[in-house]
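Student: Got chain A; can you put chain B on it based on the hints?
Here's the letter readout for the chains.
2 protein chains.
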Amino acid sequence: MNCIPLMINGLPGNVARIMAESACQDERFTLVPFSLTGEEITLGQVSVDQTKITLLKPSERENKIHEILESYPGCICVDYTHPTAVNDNAKFYVTHKIPFVMGTTGGDRQELERTVKNGSMPAVIAPNMAKQIVGLQAMLEYGANAFPGLFKGFTLQVKESHQQGKADTSGTAKALVACFNQLGTDFNLSDIEKIRDPKTQKENLGVPEEYIGGHGWHTYTLKAPDGSALFELTHNINGRQIYVAGTFDAVVFLKNQIDTNAFEQKLFTMIDVLTSGK
Amino acid sequence: MNCIPLMINGLPGNVARIMAESACQDERFTLVPFSLTGEEITLGQVSVDQTKITLLKPSERENKIHEILESYPGCICVDYTHPTAVNDNAKFYVTHKIPFVMGTTGGDRQELERTVKNGSMPAVIAPNMAKQIVGLQAMLEYGANAFPGLFKGFTLQVKESHQQGKADTSGTAKALVACFNQLGTDFNLSDIEKIRDPKTQKENLGVPEEYIGGHGWHTYTLKAPDGSALFELTHNINGRQIYVAGTFDAVVFLKNQIDTNAFEQKLFTMIDVLTSGK
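Which chain is which? The protein sequence lines are A and B, in order.
Mapping to full-length UniProt numbering: the first sequence position 37 is 37, numbers consecutive.
Mapping to full-length UniProt numbering: the second sequence position 65 is 65, numbers consecutive.
FYI, nobody ran anything at the bench for these hints, they're computed from the structure.
Some hints here could point you the wrong way.
Calculated Cβ distances over 12 Å to all of chain A for the following chain B residues [what the hints assert, rightly or not]:
1) Glu39
2) Ser47
3) Thr51
4) Gly107
5) Ala146
6) Lys223
Derived DSBU-like pairs (lysine-lysine); straight-line CA-CA distance at most 30 Å [claimed, not checked]:
7) B/Lys266 to A/Lys202
8) B/Lys97 to B/Lys174
9) B/Lys174 to B/Lys152
10) B/Lys97 to A/Lys223
11) B/Lys166 to A/Lys223
12) B/Lys97 to B/Lys52
13) B/Lys194 to A/Lys223
14) A/Lys255 to B/Lys152
15) B/Lys223 to A/Lys202
16) B/Lys159 to A/Lys152
Ranges between beta-carbon positions, derived for each pair [stated by the list, open to error]:
17) B/Pro83 to A/Gly106: 51 to 59 Å
18) A/Arg109 to B/Ser190: 43 to 51 Å
19) B/Asn63 to A/Gly227: 40 to 48 Å
20) A/Glu70 to B/Gly227: 22 to 30 Å
21) B/Leu267 to A/Ala167: 37 to 45 Å
22) A/Asn204 to B/Gly153: 23 to 31 Å
23) A/Gly227 to B/Glu111: 51 to 59 Å
24) B/Gln163 to A/Arg28: 24 to 32 Å
25) B/Thr269 to A/Asp186: 24 to 32 Å
26) A/Asn256 to B/Leu267: 37 to 45 Å
From the three backbone atoms N, C-alpha and C, an ideal C-beta is built for every residue, glycine too.
Chain A with its partners taken away, still in its complex shape (with noise of 0.2 Å):
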């Protein structure tokens, strides 16, 4: 496979980073040395692993743009930027025929979809790029519309645990819980135990130093109140690899579809990426 030119946007973010870092090393890949940011940020470059990245604002992308797809032919965009920002990159792509892969979660999702399918090339949008974690999600789901009320007269608890910036309840936690709730559970998405202290996530998690500060783990426990049954399902995720491992994946998977593809469907989600594998 010839090298994908791949645009990563959202630096100097601490998750564009990592995916630039990660493309770097990617012989799939060649990192385009431009990438989208902020309006209020004031660096004008980033380096990435030896690469000088210029980062370009709002105002300044629209003179640049042309050049870039010029210099890049066949160049895929990969969106980790900010909630604010994620319809109107997705409109960018849109208006220049860039097919993206958006890791952004947060804005107007029904707008985004619309932008794609009113658009002419293929996008993955996924508020997950942990394929397992997705396909977890699937399982459970299929589980919840085959089996309703097969865990009826379980007790639920779910515990996750995230670094400390992160302030909302885990979305993975909760999707979940609405799968168990339909699976016959009575559970309040106000009873997941949040744990957010560094001391506790060591000491009685376990959670390795070098992740405290970026991991994102989850257990449901599942009882039967006479205590003849438990099931537990644990999804521990320490650092980004995970996270960079399915946006590549859909990076690849978008450039497929580019090579093979009439377009006849241009919104596709990870459940598609994971499925192209069969």
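Tutor: This is chain B only, laid out in the frame that chain A set:
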């Protein structure tokens, strides 16, 4: 609902006894005071919850069954006998037009299915009556078919603990390992860690004292080799209560089939019982 006459076959065996005791206390059922047993059993009667149950050997049952069916019209049989009795018992039920739940494992399963299909009454055949485990297995089978290779590169570790008398490897563990391998792991069934030592069960796993003699605990651990992700699934069953509940659900399902169905389908599994809850 009128009481369903329930004939529990396999007394004085342990599982049949638990089923019979539970049936006595369940207002949905009337326990029929007869039970098919093996030719080698020397007891003539057993007591279950103050009810005397007459044991019928294969050589005695043909002479008695008409009288039983006249006294208990609409009787449904539950079979927890012995692998060597599975096929003969099924033929006996079909010959006498008795709907049945086959909870006994082993025997010639293809012949068993043929027997039911060639008969005129419905039957539920289920090697595992624990509804939640059957449902869980269905979810994993769905995932394995939809997302083959999802856990490619992950290592799998499987531990299962059962009462000391269980010599073979857990059938559930083997079935789930097949799913995980389809999901991308490369795991050999012989690497399933079988725990049968009561001391280890109590001290290392924490199996409650009263369930050392009857439990089925399973844990499957998937790890990304770089330590970036861990997925773990546990299902711990204590005692037989979960099998009683599933078996009785299967009986009620059969009763509903008989009351409403034209018997186009005669052979059912626990998946049919589960989805009937929709």
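Student: Was B/Glu39 rightly flagged as not at the interface, with every chain A Cβ beyond 12 Å?
Tutor: Given that every Cβ of chain A is farther than 12 Å from that of B/Glu39, nearest at about 34 Å, it holds.
Student: Confirm or reject: B/Thr51 is not an interface residue toward chain A, with every Cβ-Cβ distance exceeding 12 Å.
Tutor: Label holds. Min Cβ-Cβ 24 Å, cutoff 12 Å.
Student: Does B/Ala146 sit more than 12 Å from chain A, CB to CB?
Tutor: The claim breaks: B/Ala146 does not keep its Cβ more than 12 Å from every Cβ of chain A (closest is about 6 Å).
Student: Verify the proposed pairing of B/Lys97 with B/Lys174, using a straight-line Cα cut of 30 Å.
Tutor: The given pair, whose Cα atoms are some 35 Å apart, is violated under the 30 Å limit.
Student: Hey, does B/Gly107 actually stay past 12 Å from chain A on C-beta?
Tutor: holds (27 Å)
Student: Need the status of pair B/Lys266, A/Lys202: alpha-carbon distance at most 30 Å?
Tutor: violated (56 Å)
Student: A/Lys255 and B/Lys152 were given as a pair; does the straight-line alpha-carbon distance stay at or below 30 Å?
Tutor: holds (22 Å)
Student: Checking one constraint from the list: CA of B/Lys97 to CA of A/Lys223, max 30 Å. Satisfied?
Tutor: violated (39 Å)
Student: Are all beta-carbon distances from B/Lys223 to chain A longer than 12 Å?
Tutor: violated (10 Å)
Student: Please verify whether B/Lys194 and A/Lys223 have alpha carbons no more than 30 Å apart.
Tutor: Roughly 24 Å separates the two Cα atoms, so the pair holds.
Student: Go ahead and decide if the range 51 to 59 Å is satisfied by the Cβ distance of A/Gly227 to B/Glu111.
Tutor: Because 39 Å falls outside the window, the suggested range is violated.
Student: Straight-line Cα separation of B/Lys223 and A/Lys202 no greater than 30 Å?
Tutor: holds (19 Å)
Hints 5, 6, 7, 8, 10, 20, 21, 23, 24 from the list above are not met by this structure, while the remaining hints are.
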